[in-house]
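Protein chains: 4
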Amino acid sequence: MRIGFIGLGIMGSRMAGNLLAKGHTLTLWNRTAARAAELRAAGALWAETPRALASQVDVVCTCVADPGALTAVAEGDDGFLAGLSRDGLVIDFSTVGPVATRHLDQLCQARGARFLEAPVTGSKNGAAAATLLIMCGGTAEAFAAAQPILGAVGGKSIHVGGVGQAAHIKLVGNLIIAHMVQALSEGAALAGAAGLNVETLLGVIQSSGFASPFWDFKGKALAARDFSTHFSVDLMHKDLTLALAQGAALGVPLPGTAAIREVYQMARARGQGERDIIATATVIDPALGVA
Amino acid sequence: MRIGFIGLGIMGSRMAGNLLAKGHTLTLWNRTAARAAELRAAGALWAETPRALASQVDVVCTCVADPGALTAVAEGDDGFLAGLSRDGLVIDFSTVGPVATRHLDQLCQARGARFLEAPVTGSKNGAAAATLLIMCGGTAEAFAAAQPILGAVGGKSIHVGGVGQAAHIKLVGNLIIAHMVQALSEGAALAGAAGLNVETLLGVIQSSGFASPFWDFKGKALAARDFSTHFSVDLMHKDLTLALAQGAALGVPLPGTAAIREVYQMARARGQGERDIIATATVIDPALGVA
Amino acid sequence: MRIGFIGLGIMGSRMAGNLLAKGHTLTLWNRTAARAAELRAAGALWAETPRALASQVDVVCTCVADPGALTAVAEGDDGFLAGLSRDGLVIDFSTVGPVATRHLDQLCQARGARFLEAPVTGSKNGAAAATLLIMCGGTAEAFAAAQPILGAVGGKSIHVGGVGQAAHIKLVGNLIIAHMVQALSEGAALAGAAGLNVETLLGVIQSSGFASPFWDFKGKALAARDFSTHFSVDLMHKDLTLALAQGAALGVPLPGTAAIREVYQMARARGQGERDIIATATVIDPALGVA
Amino acid sequence: MRIGFIGLGIMGSRMAGNLLAKGHTLTLWNRTAARAAELRAAGALWAETPRALASQVDVVCTCVADPGALTAVAEGDDGFLAGLSRDGLVIDFSTVGPVATRHLDQLCQARGARFLEAPVTGSKNGAAAATLLIMCGGTAEAFAAAQPILGAVGGKSIHVGGVGQAAHIKLVGNLIIAHMVQALSEGAALAGAAGLNVETLLGVIQSSGFASPFWDFKGKALAARDFSTHFSVDLMHKDLTLALAQGAALGVPLPGTAAIREVYQMARARGQGERDIIATATVIDPALGVA
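Residue numbers (this note's numbering), protein chains in the order written: chain G, 1 to 291; chain P, 292 to 582; chain L, 583 to 873; chain D, 874 to 1164.
Okay, chain G solo, but in the shape it has when bound (with noise of 0.2 Å):
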């Protein structure tokens, strides 16, 4: 299969590494080229413009970081769209929320071509392993059609519902992150208060009924005062800020979540905006940033 990859980004690069590696042909695209030198050592081919990658190959997959992103490797005169053709499949890794989602549905649509949303989660370290858990939306002729691609990338993929719904269960996946983390920054702060470290509260959490490996994987990091960047401050934020404008628009009071994104507010006024989202339990507690 013929497939092109627009986006090189810390997932992106990953998810087309493991596309070379089962044998596809890949050519890609990226607006710094200089990202591609090594899949392009390892095998890739390189197209000058999106609309030129679209006509080389069956499926376009894209995983850019934003709408305005999105639109731009989409439209215009050099956009994969005016490349696309009539029986194409357009699969967006992107996490780019419902609005964005729904709008490149319809201009694919408008082509003739078949679209597929499948956000991911899971990590840098997913991406390399290919274990993303991918949620998709689309019609089940297009979640059909990805599957030699979705199996390559990713562990899991769900079919979730329509366009614009894998979007949105994204966000609400990211809002239950959001609360694991709190909790677990509030209880490492309340434990310590009493003179209990985190590997204790984490012996503890994992012994119980709510064990969870997420609980290890930020409780190891909070432990170690490791601040290293998986999921940013920032990018939680602006997920926090889609999900309460979501429940915004839809009625539904989200009093935890409204609670919680304020925290990554402070986080980012105090200059963690970059680092982990585990960095947040810095501002309930300074001691927990202190090794």
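Calculated from the structure, these hints are not laboratory results.
Keep in mind that a hint or two might mislead.
A short, non-exhaustive set of chain G residues, derived as facing chain L with CB atoms under 7 Å [unchecked claim]:
(1) Gly251
(2) Pro253
(3) Ala258
(4) Glu262
(5) Gln265
(6) Met266
(7) Arg270
For glycine and all other residues, C-beta sits at the position ideal for the given N, C-alpha and C.
Given the coordinates of chain G, assemble chains P, L and D onto it according to the supplied hints.
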């Protein structure tokens, strides 16, 4: 080993049953004598007072509802302290907070007896199946001496520190549970507003890195609108209030917990105090309470 | 002075009435023509389109519901911009946020006309009595030129800064009002639970250093369970959402506002969206909704 | 009238000074005798113990810091209760909460004496100028008997109900103040982020229907970055904690207060506990703490 068990409520009666099943000589006392009938039919003995019970056994176990009930069975002319032997061991499985538990520890020490606080988590199912998680506070010696009993009633025992610290970490654990329930409530409400049901949300969560048995436990109950009580809104409200009081006393800001406690307050004001904690979801979205 | 007035809602119709009463030549346009009947009977003229209106007057005033309505009357073939004279003056009394107001300013500048944003506060009573507080954003020259109109419709005009800053400070004012309403709701609920009624609480407040006419206005309504609308829950919800969006964009944590916005969300979910903001007290304490 | 005054702190010393200035015979007792020097030089008498004081006067006034201090001066061999005449009158100006105040009332009743709780609001300025607002709880007869004293130390006295209700409404008043301070903090931070300073915001507020002397008092302090203490963060934190405890006990959800209490917690954790409540603004926006 001769064991006395005081307090035959939902948890205590099941734990006592497991001690009897393991072949221990078991003597019982309960405020309402009738609740001991089944265990007595199975071979357990009965004492007329907590004091009489203490004078006949090597280890006194207690599992009562609150600090007042603990005082009632421990102190005064008929209290078990008066019957305690000098090298006796007292194990308290109640959840009564650091203050009450430290007070009882001092009274035991004054009589030359050893004390272990041992609050449990795991619900009535875990009590019946002897899979409870037991958090222990006390000396290493008391923890070692209690092993045969802990092993008979629980699946895992963790020695977290001195007396009071187990009560403290139990509150922290409940704080974390409250965040998870809130995450599920808000997530389910937001998903539902976009046409995605709880089962679909659970499917995504349980395929992710933040999967947990707890999501299944509470998520399936929510999907089925089954609010039968495993852990009541009133009880969690009490524990969150204790956690916030600890936070205020120890100087730890708890903005997530503070927001969530008021949701429990709203649930109580709407007559949901005795239902399961997952019933708080109906405060967020009344539709989650309708089949 | 020949004045045109576009938008004859609750506020606009009363403001236009005051301009007419001061002897100005007034030309009207409104989407629903029937709403102009009373003022036309009192001597006001009618224009067939916003563009026609603009070509007949020296100053164009607008007072519409939201950014979409503003675009509809300003832009396009029939919009007032097309009829504006080069030295014309546009005064927008709408509350539409900094983004929309800056956009309109640029369109006016492009035509050589002057623009003043002039959002008001003071409810329909203040609109009728010409005692509105008017926050103005624009050049000193535009503010000076607008004086005859501002003086006719309001009690006080404050020039806060450039275009966009008046919209911004209007949001801040509403944020403050929301905190005061929340204070009154929670205070009345807590007082009531101890047997103290709203009148007694008001007596204490109004004798204190934090007395304000606003407490009387809303407190008496609450005491009388009179939820007739001066400022609706839906409208405040919209403004708090805008304020939180500004906070997120500008990096300002707003934990009080975030908590309060969700109370408005709960009020809306319980069918209180069109009632007065003081109806949010019934979310805190249902007893405050019962006479 | 022979009046005894116990407790010569910031408030009590100024109130006692006003009683002396009105020509009353004043007898003093204070834990630190030196603090009475200035009033003794102006003609006040001194008693060796609270009991001795009570035996020499018609009315015993108290103004101490907390319930423990009240117990210390009231009970025991040297306490004023032991010296109280059967028809004596006790007026307590302290803010000690409903529980402590009801306890003292019962001890007075047991001795045949009358009791009035009389917490005050108005800061040290109001204490000096005798413009305090006094909230009174007790019988109508006790309130009537206390008039000469209340009139000498305060500007207005309100009889809100029985003993305990004045303490309760004082907490409600502080809850309202906390919301106003939060509104000012968040409003000033949001305005500041758009280039609008506190003075401009104050100009708008004080021209509006929600104007209040309190905005001027705190707004001018904030504009000047003057955090000298009129009402400390620690003290308000204590009162909000009491209000939340009352809410939890009486079944009243207080989501705004809960969010705000955690802001005070954060201020304390950042070393601002002894500064004025307006210093909490620096938690929201560190720029508000920089001149």
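Checked hints:
Look at Gly251 of chain G: its Cβ gets to within about 6 Å of chain L, closer than 7 Å, so that hint holds up. Using the Cβ-Cβ criterion of 7 Å, the hint placing Pro253 of chain G at the interface with chain L is satisfied: the shortest such distance is roughly 4 Å. About 4 Å separates the beta-carbon of Ala258 of chain G from the nearest beta-carbon of chain L, less than 7 Å, and the hint is met. Taking 7 Å as the C-beta contact cut-off toward chain L, the hint placing Glu262 of chain G at the interface holds, the least distance being around 4 Å.
Given hint, Gln265 of chain G at the interface with chain L, holds; its Cβ is 4 Å from that chain's nearest Cβ, closer than 7 Å. At about 5 Å, the closest approach between the beta carbon of Met266 of chain G and any beta carbon in chain L falls short of 7 Å, and the interface hint on this residue holds. This hint is violated: Arg270 of chain G has a C-beta 10 Å from the nearest C-beta of chain L, more than the 7 Å allowed.
The earlier numbered hint that this structure contradicts is number 7, and it is the only one.
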